[in-house]
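Add chain W to chain G, keeping to what the hints say.
Number of protein chains: 2
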Amino acid sequence: MQLLDEHVLNTLKWDQDGLIAAIIQDHSSKDVLMMAWMNRESLQKTLEIGETVFYSRSRATLWHKGETSGHTQRVIAMHVDCDADVLLIQVEANGPACHTNNTSCFFRTMTDFAEKPEQL
Amino acid sequence: MQLLDEHVLNTLKWDQDGLIAAIIQDHSSKDVLMMAWMNRESLQKTLEIGETVFYSRSRATLWHKGETSGHTQRVIAMHVDCDADVLLIQVEANGPACHTNNTSCFFRTMTDFAEKPEQL
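Chains as they are written, first to last, in my numbering: chain G, 3 to 122; chain W, 3 to 122.
Isolated chain G, as found in the complex (with noise of 0.2 Å):
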């Protein structure tokens, strides 16, 4: 995929720590797989490999999905929302998206959450 230039990305709404959020769908099912964290660097790499690449909070680092588990995400097709500050990019999952094996991180409903809140 195409890099964008300097002036697109400005255009995006960068938020505070100059991030934005990827809500990542399966293109096939439409489940709704995760949602993370991308920074200009991120998102450029993404369209490059055409593989999703985050960047972690946690780790203040970029993320390559999948480099250790295997389970990378390939680019399917990529939409920016009307304030240009989500990213919702369609992908076709090579394994589960969740570290806890789930194919979804949304494995759980609010009702068990509820239930029982620290269980995974």
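Do not take every clue at face value.
Same chains, same names: a pair is fine if it fits in one copy or spans any two.
Stated by the list, open to error - The calculated DSS-like cross-link candidates involving lysine-lysine, where the alpha carbons are at most 27 Å apart (straight line), are:
#1 K15 / K32
#2 K15 / K118
#3 K47 / K118
These aren't lab readings, by the way, just hints derived from the structure by calculation.
Okay, now just chain W, sitting in the frame of chain G:
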């Protein structure tokens, strides 16, 4: 729906502004419609009335989606992600989610956006 008790509310991971991201998905088409923010009060209000109520960061006030437009979103299901810092809410939408009158706020591809970043 049942309101969350204090312990469950405290187990959700609110950001430094006391907010949590809420991804809104059409329960039938599975299209992702929008992303918005909730504080504790708007989440409880959402559970209480069964329609989405967000926290508007720009107006610093609760925002019952569709209050003026009539384009309310009836909550069908609610999920919490593995980190408990993002909500996924499946809704039945009574009209377009976007203020542009598009069904979804994600109506622009990144390619469209890169060509005309200022145009909605």
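Now the hints, each set against the structure:
1. K15 / K32: both (25 Å within a copy, 26 Å between copies)
2. K15 / K118: Only across copies: K15 and K118 sit 15 Å apart there, 36 Å inside one copy, limit 27 Å.
3. K47 / K118: between (38 Å within a copy, 22 Å between copies)
Hint violations for this structure: none, all hints satisfied.
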